[in-house]
Each structure stands twice: as structure tokens, then as C-alpha cells.
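When you get a sec, could you build the whole thing from the sequences and use the hints?
All residue numbers for the sequence shown refer to our numbering, where the first residue is 99 and numbers rise by one.
It is worth saying that the hints were derived from the structure and are not from the lab.
Among the hints, erroneous ones may be present.
Here are the simulated DSBU-like cross-link-like pairs (lysine-lysine), alpha carbons at most 35 Å apart as the crow flies [as the list claims (entries may be wrong)]:
| hint | residue 1 | residue 2 |
| --- | --- | --- |
| 1 | Lys496 | Lys555 |
| 2 | Lys425 | Lys465 |
| 3 | Lys496 | Lys425 |
| 4 | Lys465 | Lys555 |
| 5 | Lys373 | Lys281 |
| 6 | Lys425 | Lys457 |
| 7 | Lys555 | Lys373 |
| 8 | Lys555 | Lys425 |
| 9 | Lys465 | Lys292 |
| 10 | Lys373 | Lys425 |
| 11 | Lys457 | Lys555 |
| 12 | Lys496 | Lys465 |
| 13 | Lys457 | Lys496 |
| 14 | Lys292 | Lys281 |
| 15 | Lys373 | Lys465 |
| 16 | Lys457 | Lys373 |
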Amino acid sequence: MKMFVVLLALLAVVSAEVHQFNIGYVLTMLGMCNCRVFRYRPPLRQRMNAEGKLTEYEKERNELLAKKSLQLASSSSPIIDYEDMAYMVQISMGTPAQNFVLFIDSGSSNLWVPDITCAGGKDATCGSYCKSTPYDACLTFCQEECCTKTVAGAQVLSTTDACQSKHRFNSTQSSTYVTNGQKFDMTYNTGEVKGFFGVDTFCVSFVTKFHRANHHNFQFTNTSVCATGQVFGQATTIGEAFGKQPEDGIIGLGWPALAVNQQIPPLFNLMNQGKLDQPYFVVYLAQIGPTSQINGGAFTVGGLDTTHCESNVDWVPLTTNTFWQFKLSGVSSGSFSQTPTSGWQAAADTAASFIGAPKSVVTSLAKVVGATYVPGTGAFFIDCDAVVPDIVFTINGKTYNMPSTSFVVSAGPGPCMFAFYELTAGGFYPAWMLGPPFMRAYCHVHDMQNARLGLSKVLSH
Numbered sequence: 099m100k101m102f103v104v105l106l107a108l109l110a111v112v113s114a115e116v117h118q119f120n121i122g123y124v125l126t127m128l129g130m131c132n133c134r135v136f137r138y139r140p141p142l143r144q145r146m147n148a149e150g151k152l153t154e155y156e157k158e159r160n161e162l163l164a165k166k167s168l169q170l171a172s173s174s175s176p177i178i179d180y181e182d183m184a185y186m187v188q189i190s191m192g193t194p195a196q197n198f199v200l201f202i203d204s205g206s207s208n209l210w211v212p213d214i215t216c217a218g219g220k221d222a223t224c225g226s227y228c229k230s231t232p233y234d235a236c237l238t239f240c241q242e243e244c245c246t247k248t249v250a251g252a253q254v255l256s257t258t259d260a261c262q263s264k265h266r267f268n269s270t271q272s273s274t275y276v277t278n279g280q281k282f283d284m285t286y287n288t289g290e291v292k293g294f295f296g297v298d299t300f301c302v303s304f305v306t307k308f309h310r311a312n313h314h315n316f317q318f319t320n321t322s323v324c325a326t327g328q329v330f331g332q333a334t335t336i337g338e339a340f341g342k343q344p345e346d347g348i349i350g351l352g353w354p355a356l357a358v359n360q361q362i363p364p365l366f367n368l369m370n371q372g373k374l375d376q377p378y379f380v381v382y383l384a385q386i387g388p389t390s391q392i393n394g395g396a397f398t399v400g401g402l403d404t405t406h407c408e409s410n411v412d413w414v415p416l417t418t419n420t421f422w423q424f425k426l427s428g429v430s431s432g433s434f435s436q437t438p439t440s441g442w443q444a445a446a447d448t449a450a451s452f453i454g455a456p457k458s459v460v461t462s463l464a465k466v467v468g469a470t471y472v473p474g475t476g477a478f479f480i481d482c483d484a485v486v487p488d489i490v491f492t493i494n495g496k497t498y499n500m501p502s503t504s505f506v507v508s509a510g511p512g513p514c515m516f517a518f519y520e521l522t523a524g525g526f527y528p529a530w531m532l533g534p535p536f537m538r539a540y541c542h543v544h545d546m547q548n549a550r551l552g553l554s555k556v557l558s559h
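Now the structure itself:
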């Protein structure tokens, strides 16, 4: 009986453990759980600029968009641009686990990975990003045979097959896989993703840290938090541009209403299945330059991130349960200030590596901070050492200062990039997309139960 009581006491302590994952910028996952899961790869525009190819890239991209606009003229679905994918998390599907590195996107709600049938099965060649990524990080992003300690050792990616360097899901190797039967076709500015839905166990792995009974010593263990019966996409075709990015697929963090076929997103499934202490996930993004990083931030699920974020959380009510969307009342910087009578609709978005805003606002902010638009690049540039005022957002009656360290972004040799772009919104699409530059200043606490977004200042380290 004494042993039984001791075991119960230990289980009570462990059940409230804190998990934390890496992002390549880091995610924290909670049961509670504090885990490193985010991976970071510099956004495509930054890489193209560093290589002196941004003008050429922008020309090709505009030609592609012109074609897509004609194809999608009659579609009511939003077109989401994933050209600047940067933040990734490692997950697994199936039993035994098959591992994938996925781009995290709070602006969509579906989970998909390449299927074994994507481009015929076996991974034969390596992505160009594999040979330009540090060896240790490459082992996470790419197949092991694609990772070498010398540039000459990596193979070259064939431009005809975007699936070739990706990890792919093999349903015949999973004992928990169930067929679904539905097909999907998602269109992005970077191309189309087609395939079918399946059902299996979804897990995120982490290193758990918890107090022993004396509350002074810590114990660490590798474990996972999992949702059973997760519907996910198995892509049989992915757009060519996805082959230029290191992630295998996408994990959507948006609301179920935003998902194709109204599928329940994985984090909502974790909450619904009682796997989380609190109905939160928190995104913290670190300040990192133009290099690939395994540790790029923290993603916390099931509780608050007290390691990277201040304990005080300002809660902002959502205006719709689709995007993590809310009312932005005003913006100012230096001599510029704008506060529309009805404000703007804005969405927190991990996918938009810069901040999207109305053209007139971006032009005015660029003028105040001294950024210059360079025709042909689709981007604004600024002196990396420029001393500029903060950009201040007014949200739910409070002001939030974003320092220049968040919006003056290094892109290799030469001038820095001004982390704003002109966003043309239409239909239900928000007028602002507050991407990672704002998230690097304020942790974002997503409350999946009470439909609200919490903002908490990032701690100085």
C-alpha cells in the first residue's frame, strides 16, 4: 500500500510536467511540456537576395502569379503565399513513428505530408538546401545520405520532381493507419498540392523536464504527446516550388472552419482528447540572422512559456474563428500615425515571414524609417545600422512597440530588408498579416477554447 501511494504521488507530479520543443526558430509543447522543435531556414526572398538572384526570382514569380490568377479567377478560396517558409517543427505519423519536418502555419488548418506514391516512391536525390545547410541541421531537414560535411558530397536536386528529397509516409508500414477515401486539391502561389486524406496517430516528440518529489532535483526523459485518429493529407503531387524548401509538408494551426473538408487540426485534436493541461499553444520566435538554425524559438502546447515570455498576458478577443484574427486599431512610427475609425482586421500568421499591410501604410512606414523600394525585387531595403523609431501597434486599447531589431532583417552582404510587404486583401481575408517580425517582440498565446489571442512580451536573455 505504501508503494502504491508513492507511485500515485509521482504520477501526480509527472502529469503536470512541462514539455518544450525546438522550432529551427523552438516550439514548447505542454502536457505541460517544454520541448525544442522549431527549425529555421532563412526565407526564400532573403536567400535569393543574398545570392544576387532576387530580381530574376521576382520576375519568374510574377509570371507564375499571372497564370495562377487566370486559373483561379472563379475560385472563392483564399490564395496563400508560402514563398517565405521559414519556421518548422518535427512531428511523426503512424505506428511505428515516421518522422517529418513540417512548416508551421497559423494561417491554414490542414496537416499534410508527402505520400510514398509522390513521384514514385524512393528518395533518389537531394535538395539544393541540403548541401547549404550545416551538417547537424541537415540531418533533420534532409535524408541522411543527402547530408555531408563537404559541399561536394551532396547530390543535386532534379528540378522536375519536387518530391525527390522529401520524407514520405508509407501507410503499409503503420499498424494504426485507416483509409479515409476523400481527395484534396489545395492551391498556393507556390503551386498545387494534390492527394488524399488518411487517418493515423499524430505525435510531437519532446524532452520532458519535471520536478522530482523533493522539488529540487530535475529529471529528464524523451517522450511524446499524441492524438489518435488524426485526419491528414497524403500528397501525391506537390508544386515544383516546394522542392526548393526544406520542409516535407505543412501543419496548420488555424481554426477547423479554415480547413479543407472541415478536418480537425492536430492541436485541436490534442485538446479535444484531453492531452493538454490548458487549451493553449504559444509561439516564441528567437532573433536569428540569415543562417539555418535548429534552435529558432519555442512552441508550447498545453500551457504558458515562462522561459521565454513574460508572465503577464494581454488577452485579445478574436473577431472570427478562422484565422487567429482580431481588430488592429492603429499603427504609428515617428511622425506617422494612422487610426481608421473601424480599425483593420489583422491576423497573427507564422507563414508570412514579413508583415503584410495596406500599400499606403507600408509606403508611409518605409518613408519614416528610411527604407527604399527597389523596383524588380518587390522589396524595401534599409541600412542595417540605421537608427530608426519603433513601430507601434494599438490592439484592444493597448500599445505594442516593435523595435527595429524585429523589422530590419539581415539578408547577407549588403543592405538589410525592411520586413514589410504590400498586402492586397479581398473578401474575408484580413487587411494585415502580422508575421514573425511582430512575434519576435511578443510571444503569441493561442487559446483554442476561449477564442482569444494573448500577447506577452519576449524576455530579454
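Hint check results:
The hinted pair formed by lysine 496 and lysine 555 meets the criterion: a straight-line CA distance of about 13 Å does not exceed 35 Å. At most 35 Å may separate the alpha-carbon atoms for a hinted pair to count; lysine 425 and lysine 465 meet this at roughly 25 Å. Restraint check for lysine 496 and lysine 425: the C-alpha separation of about 12 Å stays at or below 35 Å, so the hint holds. A hinted pair counts as satisfied when its Cα atoms are at most 35 Å apart, and lysine 465 with lysine 555 qualifies at roughly 27 Å.
This hinted pair checks out: lysine 373 and lysine 281 have alpha carbons roughly 29 Å apart, not beyond 35 Å. Distance hint between lysine 425 and lysine 457 is fulfilled; the C-alpha atoms sit about 18 Å from each other, no more than 35 Å. At most 35 Å may separate the alpha-carbon atoms for a hinted pair to count; lysine 555 and lysine 373 meet this at roughly 27 Å. A hinted pair counts as satisfied when its Cα atoms are at most 35 Å apart, and lysine 555 with lysine 425 qualifies at roughly 19 Å.
Annotation: proposed proximity of lysine 465 to lysine 292 is violated, straight-line Cα distance about 42 Å (limit 35 Å). A distance of roughly 31 Å separates the Cα atoms of lysine 373 and lysine 425; the hinted pair therefore holds under the 35 Å criterion. A hinted pair counts as satisfied when its Cα atoms are at most 35 Å apart, and lysine 457 with lysine 555 qualifies at roughly 28 Å. Using a Cα cut-off of 35 Å, the hinted pair lysine 496 and lysine 465 holds, with the two alpha carbons roughly 25 Å apart.
For the hint pairing lysine 457 with lysine 496, the CA-to-CA distance comes to about 24 Å; that is within 35 Å, so the pair holds. For the suggested pair lysine 292 and lysine 281, the alpha carbons sit about 8 Å apart, so the restraint of at most 35 Å is met. Distance hint between lysine 373 and lysine 465 is unfulfilled; the C-alpha atoms sit about 48 Å from each other, more than 35 Å. With a CA separation close to 43 Å, the supplied pair lysine 457 and lysine 373 exceeds the 35 Å bound.
Violated hints, in rising order: 9, 15, 16; the structure is consistent with all others.
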